[in-house]
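**Q** Next come the chains, spelled out residue by residue.
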Amino acid sequence: MNGDLQPRPDTVQRRQFIKASAMAAAAAVAGGTGFLLPILATEPAAGVQWEKAPCRFCGTGCHVQVGVQDGKVVAVAGDRNAEVNKGLLCVKGYHVGSALYGKDRLTKPLLREGAQYREISWEEAIKTIADRIEAAPERFAFYGSGQWTIPEGCAAQKFMKGGLSNNHIDPNARLCMASAVTGFLATYGVDEPAGCYDDLDVCDVLIMWGNNPAEMHPVLFSRVIDRRSRGEKITLIDISTRRTRTTEACQHYLEMKGHGDLAIANGIAHLLIRNGTYNRKFVESFCSFKAPDDQNPNLHGKPISFADYQTFLEPYTPEHVEELSGVPADQIRMLGDVFGNPELKITSLWCMGMNQHTRGTAINSLVHGVHLLSGHFGTPGNAPTSLTGQPSACGTVREVGTLSHALPGGRVVADAEHRQQAEDFWNVPAGRINPTPGYHTVKMWESFCTPTDKGGDIGTIWVQVTNPGQTLPNLNKLFNPKGDNKAGLEDKFLIVSDVYPTATTRLADLILPSAMWVEKNGVVGNSERRTQQWFKMVDPPGDARDDCWQTIAVAHELFKRGTDGMKDRDGRFLFEVKDNDNKPVPVWEWEHYYDVNVDEHLFEEYRQFTRLKHKDLAPYSEYVKARGLRWPVVETDGQWKETHFRFSEGFDPYVEEGTGIQFYHSSTHNDRAQIWFHPWIAPAEVPDDDYPFMLCTGRVLEHWHSGSMTRRIPELSRAMPGGYVEIHAEDAAAYGLRNGDKVKMESRRGALVIPVWIDGRGKPPRGTVFIPFFDETLLVNDLTLDAVDPFSKQPDYKKSAVRIRKVQP
Amino acid sequence: MTRDSTSNATPLIAFVVVSVAVAGYFTGLQAPMKASSLSSPLTAANRQTRSTTTPEAGVVLATDYKDMADVTLARRQHARLASLKSTTDPLAEIRIDPEEKLMALHQREQNRAFNGAPPTIPHPIDQRSDASCAACHKEGAMTKTLRIPRMSHEFLTHCMQCHVENNPRHMPGTAFRENEFTGLEAPTAGPRAFPGAPPQIPHSTWMRSDCMSCHGYEGRHGIRTTHPLRSNCQQCHAPSATMDQTLLTGEPQFLPGPEIRK
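Read top to bottom, the protein sequences are chains A and B. Going left to right, the first sequence walks through residues 1 to 809 as this note's numbering numbers them. Going left to right, the second sequence walks through residues 1001 to 1262 as this note's numbering numbers them.
Please note: incorrect hints may appear among the correct ones.
Here are the simulated lysine to aspartate or glutamate pairs, DMTMM-like style, with alpha carbons at most 25 Å apart [stated by the list, open to error]:
#  : chain 1 : residue 1 : chain 2 : residue 2
1  : A       : K536      : B       : D1244
2  : A       : K763      : B       : D1126
3  : A       : K86       : A       : D104
4  : A       : K86       : B       : D1244
5  : A       : K86       : B       : E1154
6  : A       : K536      : B       : E1180
7  : B       : K1138     : A       : E314
8  : A       : K625      : B       : E1251
9  : A       : K103      : B       : E1185
10 : B       : K1101     : B       : E1178
11 : A       : K108      : A       : D509
12 : A       : K625      : B       : E1185
13 : A       : K108      : B       : D1210
14 : A       : K103      : B       : E1251
15 : B       : K1138     : A       : E248
16 : A       : K72       : B       : E1109
17 : B       : K1138     : B       : E1109
18 : A       : K536      : B       : E1185
19 : A       : K233      : B       : E1154
20 : A       : K103      : B       : E1180
21 : A       : K72       : B       : E1185
22 : A       : K108      : B       : E1180
23 : A       : K613      : A       : E600
24 : A       : K86       : B       : D1210
25 : A       : K103      : B       : E1178
26 : A       : K72       : B       : E1154
27 : A       : K72       : B       : E1178
28 : A       : K742      : B       : E1218
29 : B       : K1138     : A       : E232
30 : A       : K72       : B       : E1180
Quick caveat, the hints were computed from the structure, so don't treat them as lab data. Keep in mind that this is a model prediction, so the values were computed, not measured.
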């Protein structure tokens, strides 16, 4: 593919010649005949260079063309040659260039002194971090991100697990994708979707399980509804706890109570078996059945027979499902008919509704199970597709394995063979990797906010590219104590690498200004297994520097001090990078960081890890040429070919001929996927007399996650200036509330004063309220609870009990 | 109640009703708003950078009683977009005025982040439905007081995915922090091969496939085409392969020429 969109030199010269002669002629004409020309032509869009990059924001992974002029980004266009978005963007994507130019961009390292900060040099900053790590390496933790580029994740991962033998590295994606991961592992034995966005182009039925793609993955959603406006017949079904913009585009709206999804999925399976419409052949050829093992809870469970499975599903009649979920029995029967129809191509989409769930692993497994039971799997259009929210939750967190229990390429620290493979690829001494999993996110922050003498064994956290001070649940327990002088946490140290002041930098002891998006090289991986690359286009402001460089600089400082962990098997620096002449380049010195492509070096080292679970990545140079490639990318006849549909013969090169569908990472080692039974279980917190409302949280179209970037973009900020609570009109009337009135929302954990928007953008039913989390001055996570799913350790942001009091003006 | 007391009460009740009506009538006359002074934030003349010509965007101003009949009739007549009379004379000659052109480009800049960005919406919207957008913007119109631009791209579902309000109704539209982004400027004209040649299109036609939406009858004065009756624009005006991101090779290819012996 031709990525070169710059005018060639001779074309430019020719144009200049024409322009010059035109101007001369025009001058002559103007002088001679009085013929008035309009404003003399200037070179169209003079001097703008257009380069490709994936968008900085959500997990869709749209490709953009970035227009750079005089060293600044001046425009963004959708990339017409990208398969993901085909030239279309959403409002955030169009304005992503502005994200770099907020006036309060961090430009200098800042060290806290009392209530204020002092600007310091990078040398001092690096030394400060190295001091803290050297003093207590086992009390150091790294809190990373699904917005980390793949090389950034590789650097942090190798630094911690392959260097310090410390497994306390966990990402913010623990809070969004962990249950999807455990659902995939429990079902297929390996993570990440089998299908891709091509399914959206051919599906007949699209089911939203608790997500709002019209606002959250708008380009994917319009990919489907644009088909409908061109005359195709597609049925959209919205299963949700409140009406949203997505609902307006759907033919069916199934309003459910929290955890109703568990009942609904079981209800569909029940009907498929009762009506005999499950796909007998598919199930007998490719599936086994599992149920939870209550004695020894894990992702393998215990095998059961089909008869057992049928018995477990007996109670989930449509009427009982109606009791549990609130969805009328007729609509459950409708879903049963839809899934029971083998002619239809059904794609299920989900995101946080199913993942931020105290039974997230269960519901993920159940939705996969419904697709497998009914045979709606493995052909284009038939797919259970989990969507991610962050641009590289898949590419970095899940594939590089920056989780407290994981190693790159789908490996785990607990497995000796995996450790040995990782040690070989990283060229570190055998036994370097610690076999004990580290602390997952909630545990890490809980430990950080517990005094050392009371068992708080995390003393220092380095946060990169994320905003836990706004996005952790139950902030009064997991973050805010850091700022409380009486909490006994004076010895705790928080390092934050970010681009703008945020709710997290508020309590940081050391703030490091970082480069963002096209101010650095990068590689990310989106929701459809597509790894995408871009090159640096503009310089970061002030003294802001790449996160990857920061990690390597700290590693080198420790190496200079003789820390053994920073040496590889040959005693050389862990992050030694060589140039084309095989001479080492001092990349820990910022002036030399871009002498070579450090991204390429780290990526090529990481590539080796990807073969084990057949998530093969192509060489870096292939990604430079393409608008991303979906793994496994396998070299066939000298060409690197991507894989559209995994596990399906003809599409996936690793599927053996004649098998049709082969789950080659089956957890039962017989090429079969697992259909699980999980019972319905109530949410961790439900409304009661004291706290009669159910609080749901989420996002809006205009703001991406904690809003630290999008709120500084004027077009987006003006469209959605601040937070609010959505409430049903009758509930508002019962409390005497009008639009704009302030209310005090309280949960068992905290309180918040917030304005009301009646039947706002979404329409919650009676008894439910909704607060978006983008506003750093209205921290809804003061109210949410930190109960987690037992397997994924992911918290539930969608169900907390709150009460409302009107605040007198 | 006896018949007698009823007949005694009736004139009293009638008197009360009539006096209330009369009092209401005169009170209504005091209302400050007149039908003729109906102005809306959408009028071309009133358009400001951050439109707040009416104190509450989205509120339709009240009419006083004596104008009520006329206004209701007028509103009903003009309720359909197709019946709005355009004030543009399709045969009028259009002269290009550099001042007007710069003014038009300046106005365009007010609700776009950069040349090519989706414009923000200057009026309140229904938060959930985009059928309501197409009702006006699918065709567009230009009347004495109102300019409704036509969509410059083909019909795409889910308008609000790209176009957001610049002053929402539920709270005042404010910028959270200052931003120093300066967007790509709109070109002022396309390059011509020689004086009198049709200018090449100086912008991408992606999302701007309907030329008439900006350069036609509903377009701003200053960037209107001098020849709106010609409808096949790209017959004369060449697009730019680079800006349109077409996948052509960088340099047109030719067969090698004759090798001349030295």
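**Q** It remains to establish, for every hint, whether it holds in the given structure.
**A** Quick rundown of the hints versus the structure:
no.	hint	result
1	A:K536 - B:D1244	holds (23 Å)
2	A:K763 - B:D1126	holds (13 Å)
3	A:K86 - A:D104	violated (34 Å)
4	A:K86 - B:D1244	holds (12 Å)
5	A:K86 - B:E1154	holds (14 Å)
6	A:K536 - B:E1180	holds (20 Å)
7	B:K1138 - A:E314	violated (53 Å)
8	A:K625 - B:E1251	holds (18 Å)
9	A:K103 - B:E1185	holds (21 Å)
10	B:K1101 - B:E1178	violated (29 Å)
11	A:K108 - A:D509	holds (14 Å)
12	A:K625 - B:E1185	violated (30 Å)
13	A:K108 - B:D1210	violated (48 Å)
14	A:K103 - B:E1251	violated (41 Å)
15	B:K1138 - A:E248	holds (20 Å)
16	A:K72 - B:E1109	holds (19 Å)
17	B:K1138 - B:E1109	holds (22 Å)
18	A:K536 - B:E1185	holds (23 Å)
19	A:K233 - B:E1154	holds (20 Å)
20	A:K103 - B:E1180	holds (6 Å)
21	A:K72 - B:E1185	holds (13 Å)
22	A:K108 - B:E1180	holds (18 Å)
23	A:K613 - A:E600	holds (22 Å)
24	A:K86 - B:D1210	holds (19 Å)
25	A:K103 - B:E1178	holds (5 Å)
26	A:K72 - B:E1154	violated (31 Å)
27	A:K72 - B:E1178	holds (17 Å)
28	A:K742 - B:E1218	violated (43 Å)
29	B:K1138 - A:E232	holds (21 Å)
30	A:K72 - B:E1180	holds (11 Å)
Of the hints listed earlier, those the structure fails to meet are numbers 3, 7, 10, 12, 13, 14, 26, 28, in rising order.
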